[in-house]
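**Q** Okay, here's what each chain looks like letter by letter:
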Amino acid sequence: MSAQETTSTIAAVAPPRSFLRRVWDSDVFYSFRRSPVTILAALVTLLLVGASVFAPWIAPYDPFNPASLNLMDGFTPPMSSSMSGNYFLFGSDHQGRDVLSTILYGSRVSLFVGVSATLFAIVLGVSLGLAAGYRGGVTDSVIMRIADIQLSFPAILIALLIFGIARGIIPPSRHESMAVWVLIVAIGLANWAQFARTVRGATMVERQKDYVSAARIMGVHPLRILVRHILPNVLGPVLVIGTIGLALAIIEEATLSFLGVGVPPTQPSLGTLIRIGQGFLFSGEWWILFFPAVTLVLLALAVNLLGDWLRDALNPRLR
Amino acid sequence: MAEAEKMTDPILSVRNLVVEFPLRRGLFTAVDDVSFDIAPGEVLGVVGESGAGKSMTGAAIIGLIEPPGHIAGGQILLKGKRIDNLPPDEMTKLRGKRIGMVFQDPLTSLNPLYTIGQQLIETIRRHLPLSQAEARQRAIDLLAEAGIPAPADRLDSYPHQFSGGMRQRVVIALALAAEPELIIADEPTSALDVSVQAQIIKVLKELCESRGAAVMLVTHDMGVIAETADRMIVMNRGRIVETGSVADIIKRPKEDYTIRLIDAIPSIRDETRRHVVPPSATPIVKVEQLTREFDLSRSFLDRMLGRSGRKVVKAVQDVSFEIRKGSTYGLVGESGSGKSTCARMLVGLIPPTSGRVLLEGDDIWAGQAATSKRRQRVQMIFQDPYASLNPRWRVGDIIAEPIRALKLADSRGEIRDRVADLLERVRLDPVSMRKFPHEFSGGQRQRIAIARALSSQPEFIVCDEPTSALDVSVQAQVLDLMRALQDEFKLTYLLISHNLAVVRQMADDVGVMHNGVLVEQGPVDEIFDRPQRDYTRMLLDSVPDISNVE
Amino acid sequence: MLAFILRRLAQSIVVMLVVALISFMLFRYVGDPIANLVGQESRISDIEELRQRLGLNDPFYVQFARFIANAVQGEFGISYRLQQPVTELIVSRLPATIELAFASAMIALVFGVVLGVFTALRPKTFATGVIMTLSLVGVSLPTFLIGIGLIYIFAVELQWLPSFGRGQVTDLGWWRTGLLSESGRRSLILPAITLSLFQLTLIMRLVRAEMLEVLRQDYIRFARARGLSKRAINFGHALKNTMVPVITITGLQLGSVIAFSIVTETVFQWPGVGSLFINSVQVVDVPVMAAYLMFIAFVFVVINLIVDILYYAVDPRLRVHGIGAGK
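Protein chains in written order, with my numbering: chain P, 64 to 382; chain D, -15 to 534; chain Y, 160 to 486.
Source of the hints: derived by calculation from the structure; they are not laboratory data.
The structure displayed is predicted, hence computed values, not measured ones.
Treat each hint with caution, since some may be false.
[Claimed, not checked] Distance condition first, Cα-Cα at most 27 Å in a straight line; then the derived DSS-like pairs of lysine-lysine:
1. D:Lys77 - D:Lys65
2. Y:Lys283 - D:Lys295
3. D:Lys419 - D:Lys270
4. Y:Lys389 - D:Lys65
5. P:Lys272 - D:Lys419
6. D:Lys77 - Y:Lys283
[To be verified] Now the stretches of chain P that chain D is said to cover, found in silico as 3 or more residues with beta-carbon under 8 Å:
7. 262 to 276
8. 291 to 304
Ideal Cβ positions, reconstructed from N, Cα and C, are used throughout, including at glycine.
Chain P on its own, in the form it takes in the complex:
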């Protein structure tokens, strides 16, 4: 197939293709175009992300403005109007807040915490993984031992622990304002080890390759080798576990909030909404729990589907 080269064919090289052309032609994008499930997942993700980003503009009500709340609106079933004449597509909760609007604002919190925590975990995990894989020796042993220990505990436990420690250190008056940041750090710290382990493995493979040897021979600084040579080559798997990690982080945030140790009720995420709705499930007001739960599962599922597709597309052997 290859290797059939004579001196005459060498002059006739096809001209380089444009960036867009290469993306369109690439195997990764080809597999995207061919998979309707993936396209659907991408659309759902885009829709949910867009809706939460623009929540203040598209939400029919402002559920966190006490002035606009009317207790007369409480427990309105979906797709009906309350006695005060307000229409609720997804119904309203016990305080008369529009469930659709709380979901829009709630996804905003969930996504913000999930994305920030994942980015934090990626930065931490990738840097430590690169250092461990490239330096080897004691650096490697220490970092990877910590990662090993941490990986054997469920992320939710680590996050709970960090959350507990933060509660002990931060004065109670600031608990509410700091809650989101504590959550991000807790989830981020709970998830870095996965990235570190993957990147370390990939780095050790790349480090042995001759293009790194070539750079070392010509005296390129190790830091530059790491950033310019090795990093771009280990980002593929990082992208895959980063996507799946995002879904995990969103679920972890929801779990923590559900357990009552996440964001404060004044700033509810999807998990908080489900926690609230749980109390009304058995008395018949199912919609208060149902719609936030469906949104959460849809979001996690769509992101997971994207991650699954990415893994298959970047690793064609697994098909």
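The hints should help you fit chains D and Y onto chain P, whose structure is shown.
**A** Frame of chain P; chains D and Y shown alone:
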């Protein structure tokens, strides 16, 4: 009379075989209208470069094509009966029983979790009605025949307790366990050292001869075919180019492709690419008593508990040689001989335990000044052109890396001009600088690697197996290019290779390494024509060479 | 063998020491232990005397050594919240958690391995597609939602199974089990399924990926070329090789079931150590948090040790000493 008639009946007939792979960018025909016969007891060599379809033909015969590939046409007949359309169950019973197969890599062919005895007995009892004890005895006999010493004791050993050559003997014993009439050997010796290779070919040939089994020997190495096969097929791009007796094809090839192929194969008796270096040329590189040790001992705790002492391996031991300016010094040896460790010390990748490397009198491991001098003047070309170019970088950036790292040019325009110039020197279109490595073939990538090595304008280039990953015809082109560039830039090469024929063609002086020690060195003709050491002689005798054909 | 186990033991002790250090720091520096022991109106001199008596003025390493000595004897102090010895609290709630974790670990292991092998061997069938899609839904469903959903369907709507608690518990003196009574066993079903689902999908996907990888290996191709039956190849050669990496990760996953039970115990009001922990985190009951951490680390270390020994038994390459034996 019956005997003669039987001889003319082929054991295997392949008729107009077509194997197709439906791929994303269209249908790929891996095997295209291939027909041939193998007579009982015959060794048929199938030769071709990578992608010629030779392995695929073998896989088609034994019914092991990986999906989505499939047989799209033609027939395969075993003793006159069609087997390509058998149901899967019957095909399974046929495999191992009537057709055996030997794969390339003995290190991965055996299941690491079972003893070789378990694997042999399992195979024997699958095909022959023997009791456990009888099968065990048969397994021992087979191993003995395959040349495994003390087979009764080794039966309960695991594969990892054998060397590569020994494992390949086990693989051959496994393939022959049920006395198949046909053996398909797919590159059976390509993963082995030359000295082991010669023994394995001998074992394979003897075992098949004593059983009257026919062999289809698939290989890229014409030398192996020349020494082993009776008849041969030359394949290219899925098609058969030429069929005939081995002697006919090697001595009197008819087709253009075969002529070019035979022409490109280096022989250890061939000196075509030699050039003259004045004997008075001064040494540019001097290696003095270079030694490198690797500490393989286990952790402290293990040594305390396991009572195993420190384990230090001398990968390179007291090696001294000189390389004359403008010459090529060939360093040959089998895997594990320490030749690559030597190379890595010469280019500054690993520090020596003791000894010195002098570049024009300066020790390259002494001080900052010597280091920066070494970085500019010494470069390296690597074996695997797929791993030596960063797949995420454009070719232009890859070639310019030494220029930028060593700050040899200031403006972007100047760098671009130099890269364009270098690409032309290695016979590539300057447009290539905007493309990525995956858009090039193996040979083209190796040219890019050469251009990168040249871009810091070095005087001395260490070439570590520069053509071992390439097909012969491409190898010839790369060697020609290296030779031309040597004259053009007055380069000095250290050529490291396990391929003695390549060294004979390229080198002026040769050093032979064995177990970390430089066994023998001298001018190339001295070493090849009048070797002094037993090891060198053994090495030279083991090389399967096309000039050996009668 | 001995050296191997001793090395693992040494590593385990290091791990325990590190976790102990974290626990100790938590204990000592998060929240003020004195403030939790004395009332608001205590005098400064009383507090100082208490500090002296409790050894809080001793150097760091002395305090740490004392912490370890106490921990080895199972002594973790008094819970701030419940004013009972922490060890007593944990031991009394342990049987509930262990029964739950064990039941769900078995479900996860059996179904995970079976489904993983099935989907690997029949990669292109409709059933595999369905199972793989469901498994993706499975990892996208948070555990607490699964729990709520199961309660809603089986306890509220169908009223087949109880929605919370352990049912009737039999006291065996040293162990309070729910397995001996009808209601206890029925109570276990929903929480065990809830807890197992996540691990089940994880194990299934892992087994499938490893098995697909093994099926691509040369020795499987060679086994096929020798004419071995499909059964012998799939279940003799491929499955055994799949198990080598699967054992490690599966072992650790099963260990984490115990820690993972926090969520499930909360949803089902299961009186185990997980719900004890979550209640402690909310009010920063540091002695309980520290002890729970040590307990989980201990479980992890023990499981790790078992896994290593299993690994050693399965993979002959680990059994042979000396380097370079393979080449």
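**Q** Could you tell me which of the numbered hints above are not met by this structure, giving the numbers in increasing order?
**A** 2, 3
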